[in-house]
Each structure stands twice: as C-alpha cells, then as structure tokens.
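Colleague: Since chain A is already given, all that's left is putting chain B on it; use the hints.
Listed below, chain by chain, are the residues.
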Amino acid sequence: MKRTLIILLAVSLVIAGFVSWFASPHPDGLERVAEDLNFIDRAEDPPIEVMPDYTVPGVRGFLSNGLSGVIGVLAVFGLVMLAGIIMNRKKRRGDSHAPSSH
Amino acid sequence: MHIPSGFLEPQVWIPMTGVSAAGVGYALKKSGDFVDERKTPVMGVMAAFIFAAQMVNFPVFSGTSGHLMGAALATAILGMWPAMVVMTSVVLVQALLFQDGGLDTLGANTFNMCILGCMVSGAIIGIGTKFGKRAFYPSVALASWLSVVGASAACALQLWLSGTSPIQVVLPAMVIVHAIIGAFEAFITIVSIKFIVSVNPKIIQIFSENTEISEREINSIELKKPGDVT
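Going down the list, the sequences are from chains A and B.
Residue numbering for the first sequence is 1 to 102, as defined by my numbering.
Residue numbering for the second sequence is 1001 to 1230, as defined by my numbering.
Looking at chain A on its own, in the form it has when it is part of the complex (with noise of 0.2 Å):
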C-alpha cells in the first residue's frame, strides 16, 4: 500500500505541477454564466491575497503555476491527515475504556 501511496502522490504533483500548465485558461461553467447574465460584476476581491489564480508571488510564468499546485497538492494532503489525527485521537481515547490497558 505504500507504493500505492507514492505512486498516486507522485501522480497529482505531476499534474498539479506540469500538466496543469495546459490547463484551458476561458473561465469555468459558473464565471461563464455570470458574464452571460451580467452577475460577474458581483465579485468581490478577496481581503488577502495568498496565491491567487494559482501562481505564487514573485514567480513568473510556468513556474509560478507548477509551484503553486506542488504546494497545494501537499497542503491537502497535510491537511487531510491533520483531519486523520483528530479522528483517530477521539477514537483513541475510547480505547483507553477498554479493560485492556492500564
């Protein structure tokens, strides 16, 4: 399984990191409906701007947008197995109960 781990790992820092270059830049289903019913005008600039667009600051081009999906690619991952702590601590402590352990 831990080859498994790596190898899909390894996969979406390949596509966040180069393929995602290719990406197709025309705005997505939702921007596209709000140009054609005049709403896009709605949007609001976020109030901190960390990678916006995906592309880090102060990087340029290909770079800029492969660096940001490496980034984000760990940051989930990170952030699912932070999730993973929480839950496997709640049940870790209903362990304790049991007449097993000291």
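Errors might be hidden in some of the hints.
[Unchecked claim] Subject to a maximum C-alpha distance of 20 Å in a straight line, what follows is the list of computed SDA-like cross-link-like pairs (lysine to any residue):
hint : chain 1 : residue 1 : chain 2 : residue 2
1    : B       : 1202      : B       : 1190
2    : B       : 1194      : A       : 7
3    : B       : 1202      : B       : 1037
4    : B       : 1130      : B       : 1205
5    : A       : 2         : B       : 1201
6    : B       : 1030      : A       : 86
7    : B       : 1030      : A       : 89
8    : B       : 1030      : B       : 1018
9    : A       : 2         : B       : 1200
10   : B       : 1029      : A       : 10
11   : B       : 1194      : B       : 1134
12   : B       : 1029      : A       : 86
13   : B       : 1202      : A       : 10
14   : B       : 1194      : A       : 10
15   : B       : 1194      : A       : 3
16   : B       : 1133      : B       : 1204
17   : A       : 2         : B       : 1133
18   : B       : 1194      : B       : 1205
19   : A       : 2         : B       : 1203
20   : B       : 1194      : A       : 11
21   : B       : 1202      : A       : 1
22   : B       : 1202      : A       : 6
23   : B       : 1133      : B       : 1037
24   : B       : 1194      : B       : 1184
25   : A       : 2         : B       : 1037
26   : A       : 2         : B       : 1041
27   : A       : 2         : B       : 1204
28   : B       : 1130      : B       : 1204
29   : B       : 1029      : B       : 1208
Everything labelled a hint here was simulated from the structure, so no lab data went into it.
Modeller: Showing chain B alone in chain A's frame:
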C-alpha cells in the same frame, strides 16, 4: 463551480455556512468511527489527486471550460463520509491559499461540491452496487454526472436567493452548462478509478470491506460506553 466572494448575500451564505459546518462535523465523526492510521494516508492522496485534477481545466465549448469536481471519485473509492472530509479539505485549501472560491461563500461551496456532491454520489453508487459488481462503473458514471448537475442546481438556487438573476434564467443556464461538464466528470472519474485500481486493486476494498468490520467494532465500542464516565 467555486462561487467567488460577493456573489451571495448574507441571508444565503450565513445559513449555508452553518449547514456545512454541521455537515462536515458529522462527516468527521462518522469517518472517525472506521478510519484508522492505515486509512488516513489513502484519504490524503485522494485529496491530493482531486486537488491536482481540479487544476486542469478542459475546454467545454466556445470560451468555456470545466474541471473535475471529484465528489463521485472520492465517494467511489472512500465511501461517502470520508469523501466529504476529503472534498472539504480540497475546497478549504483552494479558498484559503488560492482564493479559488470566496471565504464568505466557503459554506455554500462546501455544501454544493462536498456535502451534496458526496451525498448524491453515495446514494447512486450505493443503489447501483446492489445490482452487482457490473453496475459499479455505470452507477459511478451516473453519480459523477448527477453530482455535478445537482451542485450546479444548488448553486443556481443560492444565486437566485441572493438576487443575482431570476430562477427561470439562472437555473437552466447553470444546469445546461454543467450537464456538459458532468459528462466530462463521468469520463475523468471512470478513467481515474481504472488507473487507481490498476496501481492497486485493494485500494477500493480497504474502505468498503472495513466499513462492515468497523461497524461491528463500533457496536462493541458502543456496548462499552454506558460504563464510561466522561
């Protein structure tokens, strides 16, 4: 389908935030019942994979693109509750780090793509697989399509309630575009599952088999509970 900041009015996004917070909390609790240290990395790589795939917008028709949502993919591999946790992690990172989807609209986006998307997928795949293994891929395809169309319809309702457009205009507009994007969703989801299964066929069983085992475990844990003092 990430709703940007400003599209929704407070009377829409505040309740949606509440509903999503409750839903994700419940999904965390339900997942925690059978997710262990061995399974969390599988959820982690699924989240990573879906995040990566979402970055690759494909052209749909003139001047419009779409990208994978991933709710059906996550649900097919992990089951509904862990899939919700995974999808929420993706949407949360997209909003916080990439400003893809607003912070005020985070609850609505979570509801549409994560909670509703995974519930629709879970229901359809659950019913489909009752007809045997051969129904797995067709039900996944239907789940993919309907999860995207359903999320777009929910999004249209939220936009209408926020006064952006009349319902008879925004609902068909959203549903028609996403009916096409949904077909791509089905294709990418099937290809992704086939690829993941080709890497390791056990990956699906890990979650489906252990759900049953864990239910027995949960029952035994719950039997002990009356003695617990917390």
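Colleague: Hint by hint, say whether it matches the structure.
Modeller: Here is what the structure says about each hint:
1. B:1202 x B:1190: holds (17 Å)
2. B:1194 x A:7: holds (14 Å)
3. B:1202 x B:1037: Holds - the C-alpha atoms of residue 1037 of chain B and residue 1202 of chain B are around 17 Å apart, at most 20 Å.
4. B:1130 x B:1205: holds (16 Å)
5. A:2 x B:1201: holds (13 Å)
6. B:1030 x A:86: holds (12 Å)
7. B:1030 x A:89: Status holds; Cα separation ~14 Å.
8. B:1030 x B:1018: holds (18 Å)
9. A:2 x B:1200: Distance ~10 Å between residue 2 of chain A and residue 1200 of chain B Cα, so the pair holds.
10. B:1029 x A:10: The given pair, whose Cα atoms are some 30 Å apart, is violated under the 20 Å limit.
11. B:1194 x B:1134: Between residue 1194 of chain B and residue 1134 of chain B the Cα gap is close to 14 Å, so the pair holds against 20 Å.
12. B:1029 x A:86: holds (10 Å)
13. B:1202 x A:10: holds (19 Å)
14. B:1194 x A:10: holds (17 Å)
15. B:1194 x A:3: Holds, at about 17 Å.
16. B:1133 x B:1204: Between residue 1133 of chain B and residue 1204 of chain B the Cα gap is close to 13 Å, so the pair holds against 20 Å.
17. A:2 x B:1133: Distance of about 27 Å is beyond 20 Å: violated.
18. B:1194 x B:1205: Roughly 14 Å between the alpha carbons, so the hint for residue 1194 of chain B and residue 1205 of chain B holds.
19. A:2 x B:1203: Holds - the C-alpha atoms of residue 1203 of chain B and residue 2 of chain A are around 11 Å apart, at most 20 Å.
20. B:1194 x A:11: holds (14 Å)
21. B:1202 x A:1: holds (8 Å)
22. B:1202 x A:6: Status holds; Cα separation ~15 Å.
23. B:1133 x B:1037: violated (28 Å)
24. B:1194 x B:1184: holds (15 Å)
25. A:2 x B:1037: holds (13 Å)
26. A:2 x B:1041: holds (9 Å)
27. A:2 x B:1204: holds (15 Å)
28. B:1130 x B:1204: Distance of about 16 Å is within 20 Å: holds.
29. B:1029 x B:1208: holds (18 Å)
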